[in-house]
Amino acid sequence: MRTPSRTTTAAALAAATAIALAACSTPGDDGTPGVTDDTVTIGTHQPLTGPAAAGYSTISAATSAYFAYLNDQGGIHGRDIEYIVKDDAYDPSTTQTVVRELVTEDRVLAIVNGLGTPTHSTVLDYLDEQGVPDLFVSSGSLTWNQPGVYPNTFAFNADYVTEGAALAQYATEQRPDAAICVLGQDDDYGEGILEGVETVIDGNAITEIQTYSTANEDVTAQIGAMMAAGCEVNILGTINGFTAMAVGTAAALDWFPQWYVSSSGGDYPTLVGYLGEDVAPALLQGMVSVNYLPFSPDDPWVGLFRQINDEYNDGAPFTGNTVFGMSVGYLFAEALAAAGEDPTRESLVAALESGELLGNGIVPLSYGEDDHAAYRSVGVTVVDEGVQDYVGTVYSVTSGQVSTVEAEPVPLENEGVPQAPGNQDE
Amino acid sequence: MDRLVFLLATGLARGAVLALFALSLVIVWRAARVVNFAQAAMAVCAVYTAFALTAASGSYWLGLAGGLAAGALLGAAVERGLMRRLPHLTPLPGMICAIGLVMVLQSGLAIAFGPEHRPMRPPFSQSPFMIGGTPVLSPYDLFVLVTAAAAMGAFALLFTGTSLGLRLRAAAFAPETSRLLGVRVPRMVTIGWTLSVATAALAALLLVPTELGLNPHAADLLFVNAFAVAVIGGLDSPTGALLAGLGVGVLVSLTTGYVSASAAPLAVLALLTVVLLLRPGGLFAAREARRA
Amino acid sequence: MSTLLRAALITLAAIAATFGLDPFRNYQLATAAGVFAAVAGLTVLIGLTGQLSLGHAVLMAAGGYGYAAAATAVEDTAPDAAVLLTGLAGAAAASAALGLLLGLAAARLRGPYLAGLTLALVIALPSAANVLPLGGEQGRSAPFLPVPEALAALIAVEQWHAWLAILISAAAVTPLVLLRAGRPGLRMRAVLGDETAAALCGAHPGRVKTGAFVASAVPAGLGGAILAVATQQVAPGGYGLAFSLMLVVAAVIGGLGSIGGAAIGSLLVVTLPWLVDTAVEAVPADLGQRLNGNLAVLLFGTVVIATTLARPDGLAGLLTRLRGARPAPPDAPEPRPTASPTAMPSTNTER
Chain B
1 MRTPSRTTTA AALAAATAIA LAACSTPGDD GTPGVTDDTV TIGTHQPLTG PAAAGYSTIS
61 AATSAYFAYL NDQGGIHGRD IEYIVKDDAY DPSTTQTVVR ELVTEDRVLA IVNGLGTPTH
121 STVLDYLDEQ GVPDLFVSSG SLTWNQPGVY PNTFAFNADY VTEGAALAQY ATEQRPDAAI
181 CVLGQDDDYG EGILEGVETV IDGNAITEIQ TYSTANEDVT AQIGAMMAAG CEVNILGTIN
241 GFTAMAVGTA AALDWFPQWY VSSSGGDYPT LVGYLGEDVA PALLQGMVSV NYLPFSPDDP
301 WVGLFRQIND EYNDGAPFTG NTVFGMSVGY LFAEALAAAG EDPTRESLVA ALESGELLGN
361 GIVPLSYGED DHAAYRSVGV TVVDEGVQDY VGTVYSVTSG QVSTVEAEPV PLENEGVPQA
421 PGNQDE
Chain H
1 MDRLVFLLAT GLARGAVLAL FALSLVIVWR AARVVNFAQA AMAVCAVYTA FALTAASGSY
61 WLGLAGGLAA GALLGAAVER GLMRRLPHLT PLPGMICAIG LVMVLQSGLA IAFGPEHRPM
121 RPPFSQSPFM IGGTPVLSPY DLFVLVTAAA AMGAFALLFT GTSLGLRLRA AAFAPETSRL
181 LGVRVPRMVT IGWTLSVATA ALAALLLVPT ELGLNPHAAD LLFVNAFAVA VIGGLDSPTG
241 ALLAGLGVGV LVSLTTGYVS ASAAPLAVLA LLTVVLLLRP GGLFAAREAR RA
Chain D
1 MSTLLRAALI TLAAIAATFG LDPFRNYQLA TAAGVFAAVA GLTVLIGLTG QLSLGHAVLM
61 AAGGYGYAAA ATAVEDTAPD AAVLLTGLAG AAAASAALGL LLGLAAARLR GPYLAGLTLA
121 LVIALPSAAN VLPLGGEQGR SAPFLPVPEA LAALIAVEQW HAWLAILISA AAVTPLVLLR
181 AGRPGLRMRA VLGDETAAAL CGAHPGRVKT GAFVASAVPA GLGGAILAVA TQQVAPGGYG
241 LAFSLMLVVA AVIGGLGSIG GAAIGSLLVV TLPWLVDTAV EAVPADLGQR LNGNLAVLLF
301 GTVVIATTLA RPDGLAGLLT RLRGARPAPP DAPEPRPTAS PTAMPSTNTE R
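Chains as they are written, first to last, in my numbering: chain B, 1 to 426; chain H, 1 to 292; chain D, 1 to 351.
What follows is a list of derived Cβ distance ranges for each label pair:
(1) B:VAL387 with H:ARG84: 53 to 59 Å
(2) B:GLY315 with H:SER127: 34 to 40 Å
(3) B:GLU413 with H:ASP2: 56 to 62 Å
(4) H:PRO123 with B:GLY392: 42 to 48 Å
(5) D:HIS204 with H:ALA285: 22 to 28 Å
(6) H:ARG3 with B:GLU408: 46 to 52 Å
(7) H:ARG3 with B:ALA178: 19 to 25 Å
(8) D:LEU178 with H:ALA286: 38 to 44 Å
(9) H:ALA286 with D:LEU101: 24 to 30 Å
(10) B:GLU413 with D:GLU281: 31 to 37 Å
(11) H:VAL274 with B:PRO269: 45 to 51 Å
(12) H:THR273 with D:GLU281: 40 to 46 Å
(13) D:GLU281 with B:GLY74: 23 to 29 Å
(14) B:GLY315 with D:ASP76: 55 to 61 Å
Covered stretches of chain D, going by a simulated chain B footprint (3 or more residues, C-beta under 8 Å):
(15) 16-25
(16) 293-302
Below, a sample of chain D positions facing chain B; criterion: calculated Cβ distance under 10 Å:
(17) GLN28
(18) THR31
(19) PRO126
(20) SER127
(21) GLY136
(22) PHE144
(23) GLN233
(24) ALA235
(25) ALA242
(26) VAL270
The hints are simulated quantities; they were obtained by calculation from the structure and are not laboratory data.
From the three backbone atoms N, C-alpha and C, an ideal C-beta is built for every residue, glycine too.
The whole structure should be built from the sequences, with the hints applied where relevant.
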C-alpha cells in the first residue's frame, strides 16, 4: 500500500470532522417531543411475535382501540393520541433497540405500558437518562416503584407481593386450618407471589412450594408433589396457560383442591379458552383471584369497554387483557388531560405525582410524589357458576401489612373521555 | 418410591414423543444426510391442518390422517421446491434456508390463525390409571407409547428389511455409486423427506394435546430436545432415538421432580456432553474405520 | 504489514462515518460491530475447519458476563479506561475458557453432533443463569461509560459507544485476519481437507480444531463485551436460540471464511429486520392486528431464503466482483485462496 494514503486518510478525517461539526446535531430545542398542535405521540414495546405473544399481544390492540374511540370523541385538548406499538418478541436486546428508536427517531412524548420485567428493566436507565416519562409498566415487579432512583417511571399493575399477601390473607380467613401450598413461575413473578404469601403465613407453615419453567409446558411433576403433600389451598403465581394446565392436570389426577390465583393468571374467559367451555365452569368453580380493575358483568366501565371493543377492535374476544389495555389507555388520557393545554414531559409527570388522578379501578390510584405504585389495594374475586365477580372483600397491603378496606370504585363519567380537572360536570 | 414411579411413568410418556420426533430427524438424516431445521415449523403446519379438519368434521382420526398427509405433502414440496435447488456439498445452505423457512412458516401461521393457544382435545382420557394409589399412565399416555413404538417398529423394518429402505440408505450414503446401480437418488431423497416430516407431524400431533395449546411455536422446544436426543442416540440409529428419547424424557421428569424445573435443560446438556465425550458418534453409532 | 494498515484505515473510516449518523444509527452501528466480531470468529471457524457451532451466542454471553463482572468489580476504584480494559480482559478470559472447554469437546465431534451439543448449550443458558450466580432472567448490569471530558463537547454518548465498539471489534477481528492468512490458517484448511494427511504433516487435528475454536471464541466474547458497553446490560434473553441462529445465518449469507462477508452478514442481520419493519409500516395499518410484527418476520425469512437460493456461497463473492476482479462464472469456486470449503471434496465432512 502506498504510504501517501495515510496522509489522504488523515486529511479526509479532518475534513469529515469539520463538516460533521458544522452539521452536528446537538438536540435542538424544537419543542416538546411527541406533541404537535393536533397529535400526541406515545410508544410502547410489546411481544407481538414469538412464544410470549400468545398471552399478551391482545393488550396493545385494546389500548389502540380505546385511543381510536377517544380520538373520535375529540381527543384530549383537541389532540389525537397516536400510539406506536413496536414488537420486541420478548427479547431484551430487541427491546433496547425499539425503545431507542421510539425515543430518538419517533420522538415520542412518553413510553407507555412497556411489557415484561426482563425486557423493560433493560431500558430503565436509558429512559431515565433521556428524561422520558416511563408510564404504567406492564408487570407486577417492584422495580418500577422507585421514585428516588427512577423519578419518571410509574408502575401500573398491583405488584406481585401485594397480590400474594392478599391471596394468603383471604385463604387464612376463609380456610384457617387448610394446608396452603404455592406454585410459582421460576422468575420474579413466582418469587414475588411467594414473598407476599410469606408476609402473611410463616414460611415454615407453607406445606409445599413448587416452581415451574415456561420452557417446559408440563406441570405433572409439580402437581403430583403437591397432591402427595396433602395441599388443600393452592396459591398460584402462574400465567393463564399454566393455571389452566395446573387445574387440568390436577383434575386428571382426580384431585380438586381450592385454587387461589394471581391476576396475571386468573382471568376466567381466558381460562375457559384453555380448558374448554364444557368443563371449565365445573373445574374453576370457587376459584379465587384478586384484581383491581372493573370486572363485574354489570359494571358501567365494562359495558363501555365492551362497546369500544365491538366497534373499534373488530369484536375481538373480550378478556381481562381487553379491560387491562383499555384501562391503561384511559389512565394515560386522564394524565394527559391533567397535564394542561400544552403538555410537556414535566407536566405529565407532575400530573401523575399530584395524586389527583383517579384511574378507573375499584379503588383510586395511589400515585404521589413518594409513591409511584398505582394500586396498593386489590379486591377478591370468586368464580361462581361460570361467573367471575368481586365478592366485596378488598385488602390493602402496605409495608407488609394487610388490612381490610372498603372498595371505592371510580365512577364512569363522560363516557370514558377524561376531562381536564376543573372542567368536570358535577 | 411412589413419587419415583409417578415421575418415571410421566417421563416415559413424554419421552415417547421425543423419541418419535427424534426418529423423524434420524429418517431425514439417513435419507438425505441433512438435519432439517424447519422440522418443527413444518410439523406445526400439519397440526394446524389436523386441527382445522377435526374442527370441521368432529373426528379426531380424520384430523390425524389429514395431518399426516399434510406433513408428507409439505415435506415433499419443500424438498422438491427448495432444498433441491441448493448445493449439497455442505449442509449449511440447506440449514440457512430452513431457518428462513421457519420464519416464513411461523409468521404465516400467526398471520393466518393468530398467536393464541388453541387447545386440542386428546382422543383418550388423560386421567391416569392408579396402581396401588400411585398415578401411573393414562389411556392417552398408553396410546402415545403404542403409536410411537409402532412407528419405530415400522421404520426399523423399512430401513433394514425392505429394498426401499436399502435404496434410501444407499442414496444417502453413496449417491454416485447408487445412481450407477440404478437407484433413483432424487426420488429417494424426496421419499426420505416425506416420511420424515410425516413422522414429525405425528409426534407433534401426539404432543400438542398435552400442552397449553396449538400455536405457531408449539414444537420449537420439541425440536431442540429431539435434536439432542437424536445426537445422543446416534443420528443413524432408530433404536438409539427410541432409547435416548425415553431416557431423556425420564431424566427431565426426574430432574423437575427432585431438583427443580429450571434445572432440566442443564441436565440434558450434561447428559449430552457425557455421552458425546465417551462416544462422539452417539450411543449407537456405527463403528467407523480406524484412520490413523 | 499491509493487513494492519488496512485494518487501521477501515477502522478510521468507520469512526469517521459515525459523525454522519444520528444517535440511534450510532447505537445500531455499535451493536452491529459487536455482532460483527462474533460472526467473524464464527465464519473463520466454520469456513476453515468445518466445525458448525450453533452456540456462539453463549460465547458472546460469556464474554458479556465476564465483562460485567470484571468491570463492576473495579468500577468504583479505577478510572474509566481501566474499567473498560479490565472488563475486556474479563470478557476475553471468560469466553476463552468456555471456548476451550467447547473446543476440547468439539474436536472429537463431527458436524451435526457438534451442532447438537452447541444447540443444547444455547437452550441451557437461561437455566444456567438461574442456577449460577448470573442474576437470573434480569441478568447483570455493566458500568455506563460516559464520554471522556476532552470529547464531551464534540460527540454524544451513542457516538462514543460506537467508537469504542469499532475499536474493540477491530482489535478482535484483526488477529483473525492474520491467523487466517498465516500458518495457523493453513493448518486449519489442511485439517478440513484430510485429517489423516494433515496429521502426517504435523498438524495435529485435535489441537488445530480446538485452537480454532478458542480463536473464534475470543472475538465472540469481545463482541458480547461490546454489546454490554452499548447497552449496559447482560441478560440471557438477549442471547437466545434465535440470535444464535442469526449469527450462523450472517456468517453463511456473508460468505464463509470471508471477513468482509462477516461484515456484510452482520450488517444485514442487524439492519434488515429494522428495514423490513420500516417498509411494513409504510403499508396501511388497517390490514389487521395480526400483521403487526409478523409481516416483518415473514419478509425477513423470505429475504433469507431468496439470498441463499440466489447465492448459496454467500454475498462476499459480490465484493470480489465489485472490486473489479475477473468476473467469476456463478458456479466456479472463488479465485481467492480463502474460498469456502465447498471447493474441496473430502471424505470426512459432516455428511
